[in-house]
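Student: Each chain, letter by letter, is given below.
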Amino acid sequence: MSTETENEHEPLASDTQQVVVPEQYRKSAVPPAMKTIIELKGVTKTFVRGKEPLTVLDGLTLDVHEGAFEALMGPSGSGKSTLLNLIAGLDRPTSGSAKVAGNDLSTMSDGDLARFRSRHIGFIFQAYNLMPVLTALENVELPLLLTKLGSADRKKRAQTALRVVGLEDRMGHYPRQLSGGQEQRVAIARAIVNDPTIIVADEPTGDLDRKAADDILTLLTKLNQEFKKTILMVTHDPAAADRATATRHLNKGKLE
Amino acid sequence: MIPVRYNYRNLVVRKTTTIAAAFGLALVVFVFAAAQMLGNGIKKTLGRSAAPENAIVMRRGSSSEMESGIEESQVNLILAQAAQIGASKKPPGVGEVLVVVLLEKVGTVGGVSNVTVRGVPEDVFAFRSSAKITEGRAAAPGTDEVVVGAGIRGRFKGLELGQSFEIKKNRPVKVVGVFADGGSSFESEVWCDLHTARTAFGREGYVSSVRVRLDAAGKFDAFKALIEQDRQLGLNVQREADYYAKQSEMTADFLTIMGTMIAVLFSIGAMIGATITMNAQVANRQREIGTLRALGFSRSSILTSFLLESTALAFLGGGVGAIASLGLQFVKITMLNAGTWSEIVFSFEPTPAILMRSVFLAGFMGVVGGFLPAIRAARVSPIEAMRA
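Heads up: the protein sequence lines correspond to chains A and B, in order. The numbering used here numbers the first residue of the first sequence as 1 and each following residue consecutively. The numbering used here numbers the first residue of the second sequence as 257 and each following residue consecutively.
Heads up, none of these hints are tricks.
Computed from the model, here is a short list of chain B residues facing chain A with C-beta under 8 Å:
1) N266
2) V269
3) T547
4) S554
5) I639
Derived by calculation from the structure, the hints in this document are not laboratory data. For glycine and all other residues, C-beta sits at the position ideal for the given N, C-alpha and C.
Assemble the whole structure, with the sequences as input and the hints as a guide.
Tutor: Shown next as structure tokens:
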């Protein structure tokens with residue numbers, strides 16, 4: 001079983017750099033047969049800061065198809081992160097409907113949202129957000145603790161995920177012993193270990209130098225193309241957006 | 257469930273704060289355990305002085321040997337009645353005089369305290385077979401020679417082998433031997449000749465109490481009934497064990513209650529310490545908590561994780577405190593026993609129950625101290641936490 005898994009993933013890990021994004025996926029629409037996995041209709045999100053209500057998302061409608069790799073761009077304060085949080089089930093819309101992976105998030109309880117996140121969402125954060133006291137392997141294993149998998153299976157899957165991101169030789173390292181790029185790759189392994197429906201990435205390359213950023217983007221592309229993961233990425237970096245199959249621009253709470 | 261090693265490593269990584277908080281908790285548990293061990297120590301020490309088949313006869317209405325007085329003529333009557341019930345060992349009983357003398361404590365300047373002097377008959381070592389001369393020799397009858405208990409020896413001026421002290425002004429007695437009695441309260445006494453004690457304190461014709469050794473503990477009720485039915489004698493009969501339990505009760509309860517109160521006061525401080533420590537942990541780990549919530553861990557699992565961490569911290573401190581308190585059993589202290597108004601030497605006596613209570617107290621402090629921070633952690637909004 002173990003050798004089978006290794007054989008399956010080893011070439012993927014080693015040829016991370018050689019992934020070429022096929023031309024037809026660049027900035028193009030998704031293949032027609034794919035189903036809609038994110039469906040937002042008239043979503044409004046209003047925050048009350050002090051006494052002033054602040055509308056961050058204003059009647060937004062968005063469809064994302066399964067297998068898409070979409071970039072979300074926009075100036076600061078345009079609502080990108082809020083939108084991402086809504087889709088990831090970290091927050092609920094003030095009005096409108098948000099359907100993600102068949103779940104109506106606007107009606108779900110906090111507990112249901114937590115279960116939804118653990119089952120369907122893989123998170124990649126700008127600041128990696130690894131647990132400093134846990135090793136790379138233990139960090140990757142974290143989401144699996146919410147599943148029924150036994151200890152041995154969890155470990156095996158976490159090892160496989162680390163192999164996919166090319167960090168099989170860093171499993172026992174603590175985050176402080178890794179470079180920024182390596183930390184982000186551990187975070188990506190953590191995001192995929194649960195085999196989530198959607199990966200949401202909030203400025204995944206924001207803290208990295210160009211070279212490390214390119215590696216991460218290549219890895220995301222690979223996840224999208226070879227593992228057919230739907231990826232939604234908030235970014236300021238046009239080079240990052242360039243690697244996505246589609247880019248959407250958000251301005252003052254509306255999609256342009 | 258958030259893995260326990262996450263909590264464990266957080267405690268290890270933040271060594272200084274962990275040790276500081278654990279130290280506070282250890283101190284409380286130490287004080288708490290020590291107080292109970294002290295209370296237990298005095299009970300045990302006095303309890304060891306009692307033999308199950310022994311009865312003590314005193315004047316009715318006296319709460320201790322010190323207050324009691326029985327006419328010499330009654331002693332033989334008491335022993336005769338004991339023989340009638342069944343007291344075949346030789347001697348079946350002893351009449352003793354109990355007095356206290358004020359002596360200067362060694363190691364203090366002018367510090368004085370009461371020391372019990374027991375005027376004993378010649379055959380006292382035959383009666384109390386557990387008492388043995390360990391150094392020197394027994395006092396010669398009818399002389400001004402005394403033997404001192406191993407516990408109190410050397411703790412007062414003149415109470416060392418070969419030294420002498422005044423049991424009354426211008427009435428010196430000489431220490432010729434040291435005796436031991438398995439750590440009982442007799443070891444805190446000076447035993448002198450019955451006659452010497454009587455004449456020195458004007459107790460001619462009287463004894464303080466009569467101890468009777470029955471053939472079996474079961475014969476006590478019959479003996480008590482026989483003695484007490486004669487109202488004219490005006491005597492009261494108690495089991496030795498009951499008598500000593502009563503003698504130790506006041507001091508033991510005082511020590512236990514006082515110590516527990518101090519420990520409870522300390523524990524408030526320690527709980528606040530634990531709360532501050534855990535609050536700092538929650539504040540430092542906002543982003544980690546937010547991430548865990550984002551990954552799908554529930555509020556309750558965050559709450560449990562932080563409670564577990566504070567409880568582990570408390571058990572760590574509590575364990576250290578409890579283990580440290582065990583070291584106290586090698587310490588002997590002298591204290592004025594409220595039952596006899598004289599000095600008694602005893603040690604801290606641990607029991608499994610005391611240790612369990614102490615560790616339980618630690619756990620309690622951990623849960624209470626960690627509760628508010630854990631609630632705070634569970635309330636962390638993942639969005640807010642990761643924006644910070």
